[in-house]
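Top line first, the protein sequences correspond to chains A and D. Residue numbers 1 to 102, in this note's numbering, belong to the letters of the first sequence in order. Residue numbers 1001 to 1177, in this note's numbering, belong to the letters of the second sequence in order.
Derived by calculation from the structure, the hints in this document are not laboratory data. The structure presented is a predicted model; accordingly, all values stated were derived computationally and were not measured. Beta carbons: idealized from backbone N, C-alpha and C, even for Gly. Misleading hints may appear alongside valid ones.
Claimed, not checked - Computed beta-carbon distance windows for the label pairs:
#1 96(A) - 1002(D): 21 to 31 Å
#2 1128(D) - 93(A): 44 to 54 Å
#3 1149(D) - 91(A): 42 to 52 Å
#4 99(A) - 1083(D): 46 to 56 Å
#5 96(A) - 1032(D): 21 to 31 Å
#6 87(A) - 1137(D): 46 to 56 Å
#7 59(A) - 1159(D): 18 to 28 Å
#8 1094(D) - 84(A): 24 to 34 Å
#9 99(A) - 1141(D): 43 to 53 Å
#10 1031(D) - 96(A): 37 to 47 Å
#11 1029(D) - 3(A): 35 to 45 Å
#12 1077(D) - 95(A): 23 to 33 Å
#13 1077(D) - 7(A): 14 to 24 Å
Stated by the list, open to error - Straight-line C-alpha distance at most 25 Å; calculated SDA-like pairs for lysine to any residue:
#14 1174(D) - 33(A)
#15 1174(D) - 100(A)
#16 1028(D) - 1015(D)
#17 1174(D) - 83(A)
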Amino acid sequence: MNEIPLSYSLGLSAILFAIGVAGVVVRRNAIVLFMCVELMLNAVNLSFVALARMHGSASGQVFVIFVMTVAAAEAAVGLALVIALFRHRETLSPDAFTLLKW
Amino acid sequence: MQITFTQVLFFFFAACAIGSALAMVTRKNPVACAMWLIGTFFSVAAIFTLLGAFFIGIVQILVYAGAIMVLFLFVIMLLNLGNDYEDDIRGTGWKIMAGGAALLIIAFLGRVFGGELPRPLGVEAGPRLLATASAENGVVGLIGVPLYTDFIVPLQATAILLLVSVVGAVVLAKRKV
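Bound-form chain D, shown alone:
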């Protein structure tokens, strides 16, 4: 099988994502964990871009690597966990359990994904449809038009969820007055 340049890029970023994720799980310093997780997010954003989801890729960098991880780092600094962190990796029994759980999940998902996948549209039609739609509405319109027409009720529910979470975060984190 001919390996194309896109596939080489995919394998490179997949290796980066898996390596960063493993480093994130195994580092003891919480700040190092956050940094490796940001690396994973950047690699996954590159893979989103390779899969043709350009807007999702940039939103991944802006929202996840930009906003959420800054929030994590801010809390780590606020609680002063970066300097005197304790060894928080559990013992051998837990490690075996974790490895077993990971292998079990990979096996389950491999069983689901491993067989011949149903492709009602064929192999080529899906990406071509998506490319036509994004040429019609633009890369942002590809997501924006369904978001504000078909998914308007979930969008409003998400707005309420964000409001509740903002109020909840303030109520939980403030000191008793």
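Extracted from the complex, chain A is given alone in its bound form:
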């Protein structure tokens, strides 16, 4: 039954999260930044599921449902923001949006 050790799942989760962070740092396209955030949320979901299995309780899996809902809401609002910003500046580079920069 316990064929996949917990450390394997947590290691994969850490690697996926780190790839997402690197993507947020290195990319300059707002939509791809959102995709990298989704990847990070997914890595966290993976560690939730692995730890819920080790803990023997379904609470972790319930939390994955909540995380997915928040991710869907974040994607909807974020993409609406992207559309609104694209209408003003004709670009998606975060460097072009400097109104709130001091």
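Starting from the known structure of chain A, fit chain D onto it as the hints suggest.
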């Protein structure tokens, strides 16, 4: 150590997930990024299934790969970014910073996870408890029963969040009339 068939599948899908995620970060075309991210989501869904979370696995495919990524692709098509995309990967300094940040996070998490993990239930008890619970309530009931009893207040808060985000998305994206 004996390597079982489940572990072989886990390593296969883990390699698929990491490879697709790396391709997603490095492709220049936003549509290609979205496609590789869908590949990552499918691999992670397979790993959820291997970990015994069958309902989460199928919800991952339906909600993430189905709904959220279609929304992303729809916005990419709407803004016409698939044809004349500019090179949006930052320069060498940023790449070094990104690699450093990734290594730092892996090191931190490895420090946290690397030691002997506390297992109050032992190695075997957790999966067995979960299997008993899902045999009792079914795979969906395993999540549904706690969702509507213990987590009813967070569920209502999530409903309000979804309502707010729907109204917010419409207000943000509509043209000024």
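Right, here's what the structure says about each hint:
1. 96(A) - 1002(D): 21 to 31 Å: With Cβ atoms ~56 Å apart, the hint is violated.
2. 1128(D) - 93(A): 44 to 54 Å: holds, 52 Å
3. 1149(D) - 91(A): 42 to 52 Å: holds, 49 Å
4. 99(A) - 1083(D): 46 to 56 Å: Since the Cβ atoms of residue 99(A) and residue 1083(D) sit about 29 Å apart, the hinted range of 46 to 56 Å is violated.
5. 96(A) - 1032(D): 21 to 31 Å: Roughly 23 Å apart at Cβ, these two residues keep to the hinted range, so it holds.
6. 87(A) - 1137(D): 46 to 56 Å: holds, 49 Å
7. 59(A) - 1159(D): 18 to 28 Å: 19 Å Cβ-Cβ, so the 18 to 28 Å window holds.
8. 1094(D) - 84(A): 24 to 34 Å: Given range 24 to 34 Å: holds, Cβ gap about 26 Å.
9. 99(A) - 1141(D): 43 to 53 Å: holds, 50 Å
10. 1031(D) - 96(A): 37 to 47 Å: Given range 37 to 47 Å: violated, Cβ gap about 22 Å.
11. 1029(D) - 3(A): 35 to 45 Å: With a Cβ separation near 38 Å, residue 1029(D) and residue 3(A) satisfy 35 to 45 Å, so the hint holds.
12. 1077(D) - 95(A): 23 to 33 Å: holds, 24 Å
13. 1077(D) - 7(A): 14 to 24 Å: violated, 41 Å
14. 1174(D) - 33(A): Given that 25 Å is the threshold and the Cα spacing comes to 22 Å, the pair holds.
15. 1174(D) - 100(A): With Cα atoms ~22 Å apart, residue 1174(D) and residue 100(A) stay inside 25 Å; holds.
16. 1028(D) - 1015(D): holds, 22 Å
17. 1174(D) - 83(A): Judged against 25 Å, a Cα distance of about 9 Å means the pair holds.
Hint compliance for this structure: hints 1, 4, 10 and 13 are broken, all remaining hints hold.
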